[in-house]
Each structure stands twice: as structure tokens, then as C-alpha cells.
Amino acid sequence: MPLGKSIALWFSLLGFFAAPLLRAASADEIWWKHAVIYEIYPRSFQDSNGDGVGDLNGITQRLDYLKDLGIDAIWIAPLYPSPQVDFGYDISDYQAVDPQYGTMADFDRLLAEAQKRNIRIIMDAVMNHTSDKHPWFIESAASRTNPKADWYVWRDGKGPGQPPNNWLSTFGHSAWQFDPKRDQYYYHYFYIQQPDLNWRNPQVEKAMFDMLRFWLDKGVAGFRLDAVPTLFEDPSLKDEKVLPGKNKFGDPNEETKLQDNLPEVHGVIQRMRTMIDGYPNNRVLIGETYLPNVEELDKWYGGAKHDELQLPMDMMVGFEDKLNAAEFRRRINDAETKLHGSQPLFVFDNHDNPRTAYRYGDGEHNKAIDQMLATVLFTTRSTAMMYYGDEIEMPTTIPARKEDVKDPIGVTGWPAEKGRDGERTPMQWNSSTAAGFSTNPHTWLPVAPDYKQVNVEAESHDPASMLSWYKKLIALRRDDPAIHDGDMKMLETGNQRIVAWSRKASNGETVVVACNFSPDEQTVSLGKSRAKTLAASGEATPAGIDLNAVKLAPFGSLVAEVQ
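Taking the numbering used here, the leading residue of the sequence shown gets 215, the next gets one more, and so forth.
Don't take every hint at face value.
As the list claims (entries may be wrong) - DSS-like mimics (lysine-lysine), calculated; alpha carbons at most 30 angstroms apart, straight line:
no., residue 1, residue 2
1, Lys718, Lys581
2, Lys685, Lys247
3, Lys746, Lys685
4, Lys432, Lys452
5, Lys420, Lys471
As the list claims (entries may be wrong) - Quick list of simulated restraints, FRET-style, between CB atoms:
no., residue 1, residue 2, range
6, Ala614, Lys330, 37 to 47 angstroms
7, Ala310, Asp278, 21 to 31 angstroms
8, Asp693, Lys742, 45 to 55 angstroms
9, Leu451, Arg692, 43 to 53 angstroms
10, Ala319, Gly758, 49 to 59 angstroms
11, Gly459, Asp278, 46 to 56 angstroms
12, Arg427, Glu469, 33 to 43 angstroms
13, Asp424, Asn644, 35 to 45 angstroms
14, Ala719, Ala678, 21 to 31 angstroms
15, Asp278, Phe423, 51 to 61 angstroms
16, Ala356, Ala319, 27 to 37 angstroms
17, Ser743, Gly492, 40 to 50 angstroms
To be clear, the hints were calculated from the coordinates, so they are not data collected in a lab.
Positions of the beta carbon are idealized from the N, C-alpha and C atoms, including for glycine.
All chains, please: the whole structure from these sequences, using the hints.
Structure (C-alpha cells):
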């Protein structure tokens with residue numbers, strides 16, 4: 215055989231045998247598997263122009279801080295043009311930037327500067343509904359015969375002044391709104407000003423997929439899909455079952471089985487996954503999936519086929535809201551053993567829920583509890599999603615009076631429902647005017663009153679601060695082979711006060727993690743070896759410890775490398 219053909223054959227055979235190895239390595243290094251994703255509420259992160267509202271240039275201004283923290287990607291809550299009824303989740307144009315946040319040129323600059331720092335941008339895709347000011351809805355509402363007449367969910371009432379059925383909006387009162395132009399009701403699972411799109415119309419799916427392609431072509435890393443289980447509603451329009459009692463808005467207490475998590479949504483997600491997989495660099499689909507159990511969560515991955523979302527949010531761990539060691543252990547282990555090997559995504563905080571200290575704190579050990587929950591978030595095998603300000607233990611500041619509430623949920627549901635303003639206050643950067651968030655003291659929401667003590671600048675100089683704890687854990691997650699990529703096994707599975715696990719790297723390195731879920735000091739046995747302390751919260755822990763008798767302070771955490 216000529217030399218040239220021999221060389222060609224050799225490289226061909228090399229490629230044949232190497233291809234599976236290369237694919238395996240590539241799969242193992244998919245960026246989102248090990249990522250720390252940082253949610254930014256754009257109104258509240260950094261104001262660059264002094265109008266009291268955060269903006270895109272403000273985010274760009276703080277990219278070096280995020281890189282130093284160790285962030286891999288930022289998810290930005292909606293930045294599109296909007297009447298701001300729901301502060302951006304009522305979108306009037308999916309392919310532009312709201313002027314209060316900047317321009318498309320500002321977005322392009324943010325994307326470019328983030329890429330320089332190896333930080334990816336994830337967009338918020340609101341696909342269940344639009345604003346009632348979106349041109350699509352304006353056209354749809356104009357008549358029953360226009361080209362977009364069937365782009366939304368329209369129905370005749372049962373009779374004069376009677377909606378089609380008893381369905382309720384998740385934000386209070388009837389889910390149907392009468393429109394006199396069409397002499398029909400339109401459906402809105404959320405606010406009246408957020409009419410639901412009709413996903414049974416193929417033109418709607420095409421338009422929304424085109425929107426996703428617009429941002430993917432710009433170079434975004436993927437999407438967080440807002441309220442995605444609600445895309446479909448039962449076409450029979452049967453009444454929901456009424457349960458005993460009233461809800462927080464004073465409405466009848468009803469099931470939502472005909473409005474939420476219908477099976478048709480999975481076909482949409484499968485087609486969306488096929489589309490996004492056609493782009494390079496491992497683009498990702500993240501789902502806002504509040505689901506009742508791990509079996510339902512597994513369906514959103516596509517089960518054994520793995521052909522739907524890469525990262526549906528697991529809210530069952532971080533929103534348990536009770537420090538129950540057995541329940542935390544069970545839910546973490548479910549994510550390890552009941553998802554067909556899919557990558558878990560744990561979430562403890564976001565823009566819709568009070569922060570962890572408010573939900574889990576006991577008033578005495580709040581900092582230790584927050585440190586312990588951060589340990590769960592960053593040292594388990596899950597992808598980690600955090601919310602701006604978690605790293606400095608920002609508070610949840612609930613408005614004291616109804617007249618101070620900005621969130622329409624709070625306006626509608628006061629006083630049983632006080633809204634979501636408390637977890638959306640401006641980021642606390644330093645002790646200057648408006649906590650360094652803005653040069654304008656009149657910010658869109660008031661800065662939390664503790665900002666002179668709780669801020670990035672102050673905590674940067676304190677090795678015992680929450681910020682230092684976050685940096686330490688995120689660095690371990692990135693640099694330690696066992697925590698970065700190791701297998702996970704639960705330990706002490708019968709302990710009612712301790713949640714513990716091991717992480718074992720492919721090179722044999724093993725790290726053990728233990729969290730004390732009680733207000734009392736605990737001693738636990740994690741093996742018969744010695745270990746090197748990598749991180750410990752609570753009272754000072756020696757650099758070298760005996761794993762047979764590990765002492766944990768009240769709500770204390772330990773991360774240690776087995777020697």
C-alpha cells in the first residue's frame with residue numbers, strides 16, 4: 215500500500231477508535247453540568263444612569279465582580295419592551311430591549327464583555343402569554359376573522375356576564391376577561407394583561423421558535439422557560455374541581471389539573487430541544503417547573519430518552535421550607551437515583567419567593583442556616599442556581615403598608631398575600647447612597663435598611679462573611695475534582711439531625727460533606743479515616759480531623775477531603 219494511503223488509513227482508524235472517547239470527554243465537560251448560574255433581576259442589580267432602575271450597562275459594569283465570585287452564567291429576568299404590569303413578564307416585543315434597560319447595542323456589548331470573562335448569558339423566555347399590548351394580541355382582539363384571531367384562547371361565555379367556566383387565575387379571581395370588540399372572553403392564567411397564547415395553533419409555535427432562534431443567533435447560551443408547564447389548557451373547558459376552603463385571594467379553592475402540566479407540552483419541548491441541539495456550544499433549556507414529585511420532574515427531562523429539557527428546576531429540595539434532615543436527604547437522593555441519570559438542578563431562591571433566611575431562619579441562627587443551605591447547593595452533584603444578593607445574605611424586606619406595595623400580586627391579595635417586592639430590593643454594593651446601586655436615592659424599590667452592614671464591600675474584607683463562604687464553596691466546586699465531577703453517595707441515612715454525603719472523583723479522591731440540621735451541636739461518624747478540612751462553618755474546625763467523631767456546630771457544615 216502506498217505510504218500516503220497507509221497514513222490516511224491510520225488516521226481513519228485512529229479517528230474511528232478515538233471518536234467515542236472524544237464524545238465521552240465532550241459530554242463530561244458540558245459546561246452547564248458543573249455551572250453556577252446567577253439570576254439577575256435587571257431592575258435591581260445596578261443602575262448606571264441614575265434613574266433609580268437597574269439596566270444592562272449596570273450589569274456590564276459588574277461583570278468583573280461576577281467573574282471573581284466564580285459565576286459561569288447569568289440568567290437575566292425579562293429585559294424586553296413591556297408595559298411592566300408584571301415587571302417585564304408581560305412582553306410587548308420579544309426581539310427588542312426595553313428602553314428603561316438600554317438598547318440592543320447595550321445588550322450586544324454585555325454579551326461580548328461577558329464572553330471575554332467566560333460568562334454566558336441565559337435569556338428568560340416567556341412563552342405562555344404576551345402582554346395585551348403586544349401587536350399579536352391587538353390584532354387578535356380586533357375581530358373573530360383576522361389572521362391572528364386564533365393566536366390566543368378565546369371562548370364564548372356560558373351566558374350573559376358568565377365566563378366559559380370556573381377557572382381561576384393563579385394571581386387571583388377569574389382566569390377569563392371579557393373583550394367587547396370580539397364579544398368573547400380571553401383566557402389568562404396570570405394577570406388580565408397577560409393573555410395566554412394558543413399553543414394548539416402551529417403558527418404560534420413557529421413564531422415563538424423564531425424568537426428563540428433570534429437570540430440564539432446572537433450567541434446567548436440558552437433560555438430559562440418561564441411557567442412552561444402552563445402552555446396548554448384542556449380544550450374541553452370543563453370546570454375545575456372545587457376543594458374546601460378559600461385561597462389567599464378569597465376565591466374558591468380549586469384544582470388546576472385542566473390548566474397546568476398537560477401532556478401536550480412535552481411534544482413542544484421535544485421539538486424545542488431538537489431545534490436548540492442544532493446550535494453549537496451546548497446551548498441549554500432550563501424550565502421553571504414547580505412539580506409535585508420526582509416522577510413528574512423526570513418526565514421533563516424526557517425520562518430515559520433525555521430528549522426534553524436539560525435542566526428542569528427541582529424546587530422540591532430548595533423550597534421545602536422546613537429544616538427536616540430526613541426529608542432533605544430523601545429529596546436529594548431522589549434526584550440522584552430517580553432521574554435516569556439526568557443532571558439535577560437545585561434552586562433555593564428566585565425573584566418569586568422570599569429568600570432562604572426568611573423561609574428557613576429561626577431568628578437566632580439565620581447566618582449558619584444560610585451557610586448550610588449554600589453547602590447543599592454547591593457541593594451536591596446538581597447544577598447550582600442562585601439569586602443575586604444571596605452571597606451577601608440580603609434580607610427579604612416585606613412592605614409594611616399596602617400603599618407601599620409595587621407588585622400587583624400584593625395589591626390584589628393584601629394582607630394575606632404581600633407580594634414579591636421583599637425579595638426584589640436593590641443589590642447592596644456598599645454603604646454609600648442607595649447602597650451603591652444608584653446615585654439616585656429614590657430607587658424603584660427602597661433599599662433594605664441593613665445595607666450599611668450587609669454589602670459587598672464590607673463582606674469582601676471579612677473572612678467570616680457570607681460572601682467569603684460563597685467564594686470558598688464556589689472555588690471548591692470549580693477546582694476540587696471530587697466536588698466538581700465526582701459520584702455522590704448519601705451517608706448516615708438513618709440520622710434525623712445530619713444530612714451527609716460523599717463525592718468520589720474518578721481518580722479516587724473522596725470528599726465528605728456533613729450538614730447539621732439541628733440547633734444543637736452534633737457528633738457524627740463519617741468513617742474511620744483522617745480528613746483534611748476544606749471548608750467549615752460555625753465554630754473553628756481543626757485543619758485535620760478524625761472522621762469517626764466529627765463535631766458540627768448548630769446548623770454547622772463541614773467539607774473535608776479523606777486522607
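Hints and how they fare:
Restraint check for Lys718 and Lys581: the C-alpha separation of about 29 angstroms stays at or below 30 angstroms, so the hint holds. Restraint check for Lys685 and Lys247: the C-alpha separation of about 19 angstroms stays at or below 30 angstroms, so the hint holds. About 19 angstroms separates the Cα atoms of Lys746 and Lys685, which keeps this hinted pair within 30 angstroms; it holds. Using a Cα cut-off of 30 angstroms, the hinted pair Lys432 and Lys452 is violated, with the two alpha carbons roughly 43 angstroms apart.
Simply put, Lys420 and Lys471 have alpha-carbon atoms about 26 angstroms apart, close enough for the 30 angstroms limit, and the pair holds. For Ala614 and Lys330, the Cβ-Cβ distance of about 43 angstroms falls inside the hinted range of 37 to 47 angstroms, so the restraint holds. With their beta carbons about 28 angstroms apart, Ala310 and Asp278 fall inside the hinted range of 21 to 31 angstroms. Range check, Asp693 to Lys742: Cβ separation about 27 angstroms, and the 45 to 55 angstroms hint is violated.
Leu451 and Arg692 have their C-beta atoms about 51 angstroms apart, which keeps the hinted 43 to 53 angstroms range intact. Checked against the hint of 49 to 59 angstroms, the C-beta distance between Ala319 and Gly758 comes to roughly 55 angstroms, which is consistent with it. A beta carbon spacing of about 51 angstroms between Gly459 and Asp278 agrees with the range 46 to 56 angstroms that was offered as a hint. For the hinted restraint 33 to 43 angstroms between Arg427 and Glu469, the CB-CB distance of approximately 36 angstroms keeps it satisfied.
Distance hint check for Asp424 and Asn644: the Cβ-Cβ separation is about 43 angstroms, which falls inside the suggested range of 35 to 45 angstroms. Ala719 and Ala678 have their C-beta atoms about 29 angstroms apart, which keeps the hinted 21 to 31 angstroms range intact. Between Asp278 and Phe423 the C-beta distance comes to about 35 angstroms, which lies outside the given range of 51 to 61 angstroms. Separated by about 34 angstroms at the C-beta atoms, Ala356 and Ala319 satisfy the suggested range of 27 to 37 angstroms.
Ser743 and Gly492 have their C-beta atoms about 48 angstroms apart, which keeps the hinted 40 to 50 angstroms range intact.
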